[in-house]
Every structure is written in structure tokens, then in C-alpha cells.
Amino acid sequence: MIASRFLPRQHLQTLFDQLDALGYRCIGPQVRDGAIVYDRLGDLTALPIGIGAHQTPGRYRLEHQDHQRCFAWANGPQALKPLLFAPHETLWRTERDDAGRLAFTRELQPAQRQAVIGVRACDLAALALQDAHFADARADPSYSRRRHDLLLVGVECGQPADTCFCASTGEGPAISTGTDLTLTELDAGFLVRAGTEVGSALCDALPLRAPSDGELAQAEAEIEQARLSQHRSLPGRNLRESLFANLDHPRWDEVATRCLACGNCVAVCPTCFCSTEREQPSIDGSGSTRVRLWDSCFSAEHSYVHGRLLRPDTRTRYRQWLTHKLGGWHDQYGRSGCVGCGRCIAWCPVGIDLTAEANAICSDASESAQEAP
Amino acid sequence: MTSPPKSPLQPVDSLDRRPRLAVHKLSSCDGCQLALLNAGASLLRLAERFDIVHFAEAGIIDVDAEADIALVEGSVSTAEEAERIQTIRARSRWLMPIGACATAGGPQALKNLANAEAWIASSYPEPQHIDARPTADAVAAHVHVELELPGCPVSTPQVLAALASLLAGATPLAEQDKICLDCKRRGQVCVLVTQDAPCLGPITVTGCGALCPSLGRACYGCYGPAENPEVATLAQRFAELGLDAEAVKRRFLFQQSGAAPFQQLLREWHPKPRAGSATASVDQGSSMTSEDRDHSMISASGEDEDD
Ligand code: SF4
Ligand code: SF4
Ligand code: SF4
Ligand code: SF4
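From first to last, the protein sequence lines stand for chains A and B.
Mapping of the first sequence onto the working numbering: residues 100 to 472, in sequence order.
Mapping of the second sequence onto the working numbering: residues 5 to 311, in sequence order.
Misleading hints may appear alongside valid ones.
Said to hold, decoys possible - Below, a sample of chain B positions facing chain A; criterion: calculated Cβ distance under 7 Å:
| # | residue |
| --- | --- |
| 1 | R49 |
| 2 | D72 |
| 3 | A178 |
| 4 | L185 |
| 5 | K188 |
| 6 | R189 |
| 7 | V197 |
| 8 | P206 |
| 9 | E231 |
| 10 | N232 |
| 11 | T237 |
| 12 | L238 |
As the list claims (entries may be wrong) - If you want the footprint, here are the derived chain A segments under chain B, 3+ residues with CB under 8 Å:
| # | segment |
| --- | --- |
| 13 | 119-126 |
| 14 | 154-164 |
| 15 | 355-367 |
| 16 | 373-382 |
Unchecked claim - Selected chain A positions facing chain B (Cβ under 8 Å, derived; list incomplete):
| # | residue |
| --- | --- |
| 17 | H187 |
| 18 | A344 |
| 19 | W393 |
| 20 | A445 |
| 21 | V449 |
Hints were generated in silico from the structure; no laboratory data involved.
Ideal Cβ positions, reconstructed from N, Cα and C, are used throughout, including at glycine.
Please put together the full structure from these sequences, using the hints given.
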């Protein structure tokens, strides 16, 4: 393991200044409309200092706490996904010239170096899955470009929410890989360790000192406490067989009486990647714009094939979400599509808990398959 | 409903004349016509590409004109309108009701749930002069329509997009996504989850771009029910958030009370006992105490929605 150094709290601004000097646009957590959202961050005073986030199924509340920490909350509705897989993006334009011929132009946003501060272990695992989908095999040009220019400053979780279960899925709360720089927050400052050469170079420019044994022990104890405080879990890390063997389980009918088919779970899930496209012709007939939008398997269009809806009702749509997320993903990307962030639980307007649904439907799996990580 | 019928128009370049557009009005406030008048430069483009044969708010009047495309604002509320909509249908190739009144009866459809005659008698000293049918109806309750564009008022970009598609010889998109999906696409923070606001976004079709939630308010549902609207499930959620049965029903009594799924809710829905609710049994944390409410010091300004 890479040795940690210590950044006293009063020097945190130096990190922002360094990133700024290197031409990065800093994105970080901040309070907006009663939640912690990730947006452009000029300096550290905009961070959620002394803020905690209280999350339960269908409910999210911020609260003032008596401390100076900036990252003493688990997560908000989004983190990296909208920064890379844009919720609304123009793909190409069509123009008609005077002779009536059509010309197609690809739309690519100009490159912009972005640094995201405050990325969590679950977000990093989700990013690896989004990379597998968007950047690896058939690279999506816009995603790949934004991904290439991204610098990641992770922060380990000391205060998971009631809805978090990253310990069960194996992603957190500690960060093992995927960042340029990883921070662990203590009262007096941050343990810092570099994950890449860019991160090392940044470290060299920061006023770091060696951490005390007490600081190292304290950080370890807080992360361990964060792990132990999580009480939700999935019945196993590979539920593929169990889910597909239970496609007629009565629980699908029961959950359909509670679910709104609103798609909020999909929208906040950091791994979901479905999109739809729309053609937007201009009213003067001179051209047309092709846009890509976030879609969800709870929408009608998602299962519309040649004149009919394959999934017309909430039962089949909820079943698609859960069986793809926890089952089909193993076939596509060799692991579950759930990283245990708990967002779909907190941001579901009726508080449906996918761990409760998976435990009810895969009760056979929870008895037999307690596989090792 | 999965897709509207095929466009009746050939691509505009292959017509030997400009297609004719009519904008009709039934019982309404004219707000949807104004939404079109407000289209700015797009309205000028529209006037170049169409022969506008009837559009009263724009000063062009020929109510009997034949049209390729007819937009209709307003509900069918009088005997004269019930006749006139038949004539409009017969003289239009593509009939597109616009706005909540034309697609669901609008605010005036509130009378459908009451004894309209008694209301009129209580308001007017000489009720015999009032020509009103007992119900205010959507246009589609009287004649076949090709595509409905809801909203209060209708969304100008949606009308322009539908007209642009028709001009290109393509079938216009029938929006089916729920407000929630648009709300999340726009990066807005959910007012139901952070404020317990009784938001209709989970069952309402988008078109406004999740306007009310963008201002920290609960959606009023003015675009009407989306496909597969889980109206009773959402009503139950509002009851769990603390609204009494009467207040829950009032959430469905705005511009869209005439929509079939809302009518069904108003007739049939009763709150389930709280202890048996599935949500509460999944996790006690979702049932909140007033102490919990006091924890929400940093939520957006959440005035009472039920003014
Ligand atoms: S399924 Fe839910 S808990 Fe799992 S990654 Fe998606 S949002 Fe997070
Ligand atoms: S099918 Fe559903 S669960 Fe799977 S990626 Fe798409 S939206 Fe997510
Ligand atoms: S599980 Fe919740 S968030 Fe997902 S579609 Fe159903 S009601 Fe909406
Ligand atoms: S604010 Fe309303 S529309 Fe937006 S996600 Fe929440 S419930 Fe849906």
C-alpha cells in the first residue's frame, strides 16, 4: 500500500489552487436545493462544511453538524455519471444546402480538463462499469473525450448513509484503486495518497507532512466503523441464476403495487447507461438535430419494438431493472451492475429498497450462495 | 397508445401549394393560442411555410376553412361547440387538440364531478340564458383525433416540433416520458424526497421540462397522466406523507381532473391503513416523525403546496 502523507486542513485550498494552475475546471460537492450536488467549485468555502446527510428509503435531508469536516456525508443524487454520460447531448446535425443536398456534421464538445473532488468508492466502481460500456469496446466519442480529460480526487467514506451497502458489494467504504489522489478526512486535515503519476506530481506541490501514528490509526478506525455501521446487504454478489430462475416469483406482482414506474432509480443509479435518441427538425426546414437523452427501462419507449410494447406494465419494468442490474450485467460485464451506493433507495419517491426486493426474490440464493469476495 | 398514425402530408417540397393551418378555439382562456403567438421568430417561419387560414388571436378569421392541419384549443362545453367540432373534423385532415382543455376538459371539467345545473342556478339569477352542456369534454370524446398535445398552456416547443415533423413528412413524436425522467435529466433535486412535497411528476407526462420542480415546487400535473400512470400508488404515498384523503384527492383536481385515470382515482381511491403499507414495512425509516422534519434545516424553501 502506498504510504499516506498528511495535508493540514488549512492547506486544502492549495489543492484547488494547484488544480486550477494545471488548467483543470474543479467540480466538487456543494449544497443546492436541500441536497449535495456536484458542480463547478471555485474554492473550498463552497464545500459542504459541517453538513451531514440523513438518508432513508424515499427520504433525504441535510443537517448542520458541529464540526468543520467537508466530506462527512455519503453521497447525493448524482456524482460522476452526468459529467461523462451527458443526460442531454447533441450527436449530430443535418443541414440542407441550396441544391437540397444533406450534409451531416458530428457535434463534439471542445475538450476541457475537469477535476472532480470528493469521489466515493462506489462512484469509482460505477465509473469502471461505465468505462466498460462507453469507452472500451465501441468507444463513444464524447464520453471518451471527457473521460480522458478527467482527474479524480477520491475521498474515503467515514459517514455512510443508512441506505449505503458498499461493504456488501465489496466496493467500499475504503478506496483501493481508480483515483489520481485519495483523501481520508480527519478533524485536523487529510491523509493523502497518490494513485497515478499526475497524483504524485500534485502531492509534490502540496505542503504535506508525515502523518502521526495516531492519525493513521484514527483513519483506519473510522473506515472500519463505517463498514460496520452498514446494515443492508444483497443476498450474494452473483444473483444471476437465482433471479432468472424466479421470473414468476409473486414478489414481482407485489412490488408492482408499490412502484410508480417513474424511473428515478435508473436516473440516479451511477451504472445505468440506457439512452434514447430524438430527431429535432427545425421549423424552417433547413436542417435537423439529433439528440441523445437518458432513458430508463421504466419508460414505454424502452421496450417498444415494431408496433408493440414488450414491457407494458410496472411488473415487467421493475423486473427488467432488477434482473438486468443484478443478473444480466454478469453476462455483459462480468459482474453485478450494483455498486451499493444506495441512491436508488433514497431517491425512490416511494422508498422501494432493492436489497429488500432482491432478498425476497432470491431467498434461495441467500441460503446457499454466501460466496467469498 | 404506442404511436400516432402516419403523417397525412407529403414532404412539403413535393406539394404544389403551401399546406393550410387552422387554429380553432372552443371553451378556453386563449392561453394556448397565446403560447403560439409567443413563438417569436419561429412564428414568422411558420407563417412562411404554412398558409394560415384561421387563427383568431392572430386576427385571421375563417372558421369554416378547409385545413391540412387543425390545432384545436378548448373543451367542448356548449351545444354549438359539439356541432362545430364535427364540422372542423370534416374539414381537417390532421386534427391536433392542444392544451389541457382540449385534451382532458381543462379546469372547467371540474363541473363534470358536480351537479353543473345546480352550480349555474346558484351563480346566475337567470340561468336559462346560459348555454352549457352538463359536462366539459375533451375533443377526442367527440371526434377522432390524430395526436393530442397536452399542457396548461401547451408547450410551444412541442407544437413547433410536431408541425416541423409534419412539414418534413414524418410522424410527430407522441411524448410519453414522465416528468421525473426530465427532472433528473435536468439535474434537479427531487422535491418529494427532500421536502415531502406532493409532486405529481411520477405520473405526469413531460412537456414542460419539469418546470415546477425546477423552482422547488411540486408538479401540479398540468400535462396530465403519462402512459402507465400509477395514480393510486402515488395517492397512497401522499397519504403516507401526511395528507388527509381530501387533500390527496385535491392534488388531482387541477387542470386535468377530466383525465380518465384521475376520474377513476377520485371515484374509487381510499387510503390504505398506514401500518399495512408496504413502504412502511420495508423500512421504518421512511415513516417520519415531526422531529425528523425539524432536521431538515437546509431544504429549499418549502411552503405549503395546498394554498
Ligand atoms: S442499483 Fe441502486 S444501490 Fe446499486 S448502484 Fe444502482 S443506485 Fe446504487
Ligand atoms: S435496462 Fe434498465 S437497469 Fe439496465 S441499464 Fe438500462 S435502465 Fe439500467
Ligand atoms: S423503484 Fe422507485 S424509483 Fe424506481 S421506478 Fe419504482 S417507484 Fe420509481
Ligand atoms: S421533484 Fe417531482 S418530478 Fe422531480 S423527480 Fe421528484 S417526484 Fe419526480
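Evaluation of the provided hints:
1. R49: 4 Å, holds
2. D72: 16 Å, violated
3. A178: 10 Å, violated
4. L185: At 5 Å from the nearest chain A Cβ, L185 of chain B passes the 7 Å test, so the hint holds.
5. K188: Given a least distance of 3 Å, the restraint on K188 of chain B holds.
6. R189: For R189 of chain B, the interface hint holds, since the closest Cβ of chain A sits about 4 Å away, which is under 7 Å.
7. V197: This hint holds: V197 of chain B lies near chain A, its Cβ roughly 5 Å from the closest one there, short of 7 Å.
8. P206: 4 Å, holds
9. E231: Result: holds, 5 Å to nearest chain A Cβ.
10. N232: 5 Å, holds
11. T237: 6 Å, holds
12. L238: 6 Å, holds
13. 119-126: Violated, because only 0 residues of the segment 119-126 of chain A bring their Cβ atoms closer than 8 Å to Cβ atoms of chain B.
14. 154-164: holds (count 9)
15. 355-367: Per the Cβ count (10), the hint holds.
16. 373-382: holds (count 6)
17. H187: 6 Å, holds
18. A344: At 23 Å from the nearest chain B Cβ, A344 of chain A fails the 8 Å test, so the hint is violated.
19. W393: Where the cut-off is 8 Å and the nearest Cβ of chain B is about 5 Å from W393 of chain A, the hint holds.
20. A445: Nearest chain B Cβ about 7 Å off; hint holds.
21. V449: V449 of chain A check passes; min Cβ-Cβ to chain B is 5 Å, inside 8 Å.
Comparing the model with each numbered hint stated earlier shows that hints 2, 3, 13 and 18 do not hold.
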